[in-house]
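Undergrad: The primary structure of each chain is shown beneath.
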Amino acid sequence: MIMEIGIVLDASRLARAPLETVELARLAEERGLDLVVVADAATGTSAGLDPWTAAVWLAGSTRRIAIGAPAGATTAPDPTDPQAQYPSVIAKALDSIDLLAQGRIISDPAGWVVAPRDAKPAELARLAEADLPVVVPVDSREDVERLAALAAEGDHRSGVRRRSAAVRAQRKPGIDYDGVPASLADAAVEPGDPQYRSLSSTYLRGGAPGLVLRPSTPAEVSDAIEFARRHRHLPLGIRSAGHGISGRSTNRGGLVIDVGAMNTISVVDPVRRLVRIGPGATWKQVAEALTPHGWALGSGDYGGVGVGGLATAAGIGLLSRNHGLTIDHLRSVDLVLADGRQVRASREHNPELFWAVRGAGANFGIATSFEFEVDEVGEVGWAQLVLLSTDIEQSLRRFAELASSAPRDTTVFLVTGQPRAGTSTIQLFAVVDNPDPDTVVARLTPFLELGALAGQQVVMTPYSGVMGNAADVGPNGHQGFGEPNSRSAFLPTLTPEFARDAAAMLRSGGVYFFELRAMGGAIADVAPGEASFSHRTPAFQLTAMGQNNQRLNAVWEPLRQHFDGLYLSFETDRSPERLLDAFPAPVLERLRTLKHRYDPDNLFRDNFAIDPRTTKEAQA
Amino acid sequence: MTDYGHDLLFGAFITPAAQQARQVVDLAVTADRAGLDLVSFQDHPYQASYLDTSTLLAFAAARTERVHLNANVTSLPLRPPAVLARAAASLDILSGGRFELGIGAGAFWDGIAAMGGRRLSAAQGVTALREGIEIIREIWDTTAPGEVSYDGQYYSVKGARRGPRPAHDIPIWVGAYKPKMLALTGAVADGWLPSIEYLPRGADSLPELNARIDGAAHDAGRDPAAVRRLMNFMKVQLSSAPRGLLNGPPAAWVDQIVDLALRDGISAFIIGGDDPSITERFGAEIAPAVREVVERERKAGAAARPPRA
Ligand SMILES: Cc1cc2nc3c(=O)[nH]c(=O)nc-3n(C[C@H](O)[C@H](O)[C@H](O)COP(=O)(O)OP(=O)(O)OC[C@H]3O[C@@H](n4cnc5c(N)ncnc54)[C@H](O)[C@@H]3O)c2cc1C
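Protein chains in written order, with our numbering: chain A, 1 to 620; chain B, 1 to 309.
The shape of chain A in the complex, shown without the other chains (with noise of 0.2 Å):
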């Protein structure tokens, strides 16, 4: 058995003898033990220290030790009365030490067991079996070196990797934590270890997951799913780069399986420009292995997005007008399915689940590996432009107007937000797929009637340069917080009505992001039946985000009547009619049939999950 073993060090001896007292915490460390209390046993009429300050001291003055100190009594705040803290200020305290000291304090009393001063050893192994750390109250280095001694004898550790009791102290409940599958034991990350809070949020969410599982082979996918469905009472969420906004690729205390470390990209065929990629990339990092090839893929706007979440949902990107969405390109996938197996999926091999994979894959499988066939593309340019318009509504329509009509080799995408003063500031994106800079010129400068020129860089680049735009994730990972309010549509043209009521909603304020991207070209040249995603045909994908949710959702009504469907990877709504709208009711049937085949349960549900229990009655 394990016994962990820790001291108690009271705070009116530390306010007595304060350089001893520490150096016993010091002993402690040194000697391996591996809790240090602070107990506010104080008596008499003077203080002793204040346990939380001393408790945060003993954490800068040692480096690997857990520190218990019970954080401040939680008292309802009473601004008159100079002894009661804030509870919101605790709660910043707390989160502050975990930062500074890498998640070793514990702050609850019940992370410890306090046993007598002169406990004998059968009673500190007793003691042990509720599995926590005993503690003793200590007095002298002699009480340590003999507790020391003790911990060293009854020390049969073996090989596992065992969390000490600071991190243990802040698992999430309903997770069986020391059944984490040997092969994942080592890079799983859980609240408390020195990682976690670079895991557990994303781009645009906050979170606090339970476990984080990390598996880097197929094999090792395969045994995060299985340990996934013995915890089918949690939310599970699926993450490659962390840009879901759709999907919820973060939670609190559920399961993330993050493929992230899959990221390898390599040429399978020069002379197909087949290339094989994990869903671990990014698109910035896809864009660059290629470039030197003088090939690219299309994605989508923004190089931090992943591989992963994007080419299971569309992708439509800088690139489409001319190449197409990204799935049009993936030739086969490797996934895991919800039992475990592992699975090919290509026009010849499971063609219906292949079929379902591009669009709805996030509802089948976890995907471990995408073949993609990916087209020569030289430099092209690419614009950002700022405008300012004093007429937001005209600026839509003839944007809309110019968009459409331009050269396939032209995909520009429009952003503004609300005006400010009555003048709009639009943000142009633009890609045009041309080697000659006069033509690239020629193709930009009709745009330049939407505004006033605020800002423009326009440069010569292969598409490295384009998806470049992204900042690379540090060392804290994402630092999302919150939950995004964002709503999704297929314009099938862009009517002057919408471009009304467009202005309409913009000018309310309730919304601060509006995203047109044009569509057309190549995206209609495949039928819509080739893949589960089967909105081939709109003019322009609509994306709008808000603060506030119902305030998004009061301003976003009336627009509802200009458009058709939605592209699932911007709108965070989970209510079920939203499905219909991402699917149209031949294509959900289509789907909820091969989901009872190929996940029944639903364990694969965090991005437009498809219950395969509904009927199709209950739908309509």
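Worth flagging that the hints you see were computed from the coordinates, not collected in a lab.
We put the beta carbon where it would ideally sit given N, CA and C, even for glycine.
Just so you know, nobody snuck in bad clues.
Just so you have them, the derived chain A footprint on chain B, three or more residues with Cβ under 8 Å: (1) 14 to 26; (2) 54 to 63; (3) 86 to 94; (4) 106 to 120; (5) 149 to 156; (6) 162 to 174.
Restraint ranges, calculated between C-beta atoms of paired labels, are given here: (7) A:Ala504 / B:Ala123: 40 to 48 Å; (8) B:Arg63 / A:Ala130: 31 to 39 Å; (9) A:Ala471 / B:Lys178: 38 to 46 Å; (10) A:Ser575 / B:Arg22: 38 to 46 Å; (11) A:Leu19 / B:Ala284: 26 to 34 Å; (12) B:Asp110 / A:Phe513: 22 to 30 Å; (13) B:Arg201 / A:Arg500: 49 to 57 Å; (14) B:Asp110 / A:Gly474: 29 to 37 Å; (15) A:Asp108 / B:Arg63: 20 to 28 Å; (16) B:Arg63 / A:Thr461: 40 to 48 Å; (17) A:Arg500 / B:Gln124: 48 to 56 Å; (18) B:Ala284 / A:Ala110: 44 to 52 Å; (19) B:Asp110 / A:Gly509: 18 to 26 Å.
Here are some chain B residues the structure puts well away from chain A; computed CB gaps all over 10 Å: (20) Val126; (21) Val188; (22) Leu199; (23) Asp223; (24) Pro224; (25) Ala226; (26) Leu238; (27) Ala289; (28) Val294.
Given the structure of chain A, go ahead and fit chain B with the ligand onto it with the hints provided.
TA: For chain B with the ligand alone, coordinates are given in the frame of chain A:
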């Protein structure tokens, strides 16, 4: 001349960025090794991207050896005075007398309210601060008989335990700008701790503001020299050509600081910017040079600098 004759202190004003917790502590260690006298952190508990200042102070104090530490300045509305007093005394004991108490009446009331704090008007805040300071000193005073009882307008308590008693007489430095706060500073504080950027006319405001503090000290029967004058300089830069206050070559910094010390009585110079190399040169190069000149001129005595026009 307005030189109050205090020993000079040199310090660093470090942004308590939560995302850079490790660098923040490293910067405090750098300041300690560079021989600076003070490390201070602002206190805005409602600012989500900042660390909790009390926690950071205790942690950084444990990781440093000689430097003194203070909040710059503690937001009293979210730090109940008895709790603050005990935390301050505890840290002073653990650090061997290296803690000083910077305190203010509170700003950013929306943020304070969002954390559950009480919204006060500026005038109410001044009174609350005066009461808070009295309570803090009572808690620290373990030689007085009985428990602490206090019945104020904004704080009241019956029978709070005294102690712990700090390891040294912790000075209370007040962040003050407006007349009422300056009056409070002169009447009860051990120091005045503003930022130069927030003075209405920068250094040119000093004669007037010092005079207000001096006047209030006189009225309270105190020696104005009982109130140390400290100053934060948030925007500093070492550059080859003199561009402005603490923005130029080291020699220009030295001249400017000496002038502020001898002409305006500023005796603590706390610089922001979070730049380890500036921190190092401030401690190793600039501080000793300033000390040398000031010592020499103070000895010469008579050659006191005329007050600012
Ligand atoms: C700034 C920004 C710009 C964007 N621009 C575009 C754009 O121009 N065009 C466009 O089409 N989309 C765009 N998107 C949407 C983007 O494609 C989706 O959000 C996508 O899901 C992100 O993929 P990820 O791997 O980074 O996300 P993650 O958060 O890792 O995953 C999101 C979801 O995808 C699913 N998923 C992830 N990995 C796998 C896997 N290996 N197997 C199966 N399912 C998986 C899961 O359901 C998961 O919840 C943009 C998103 C952002 C944040």
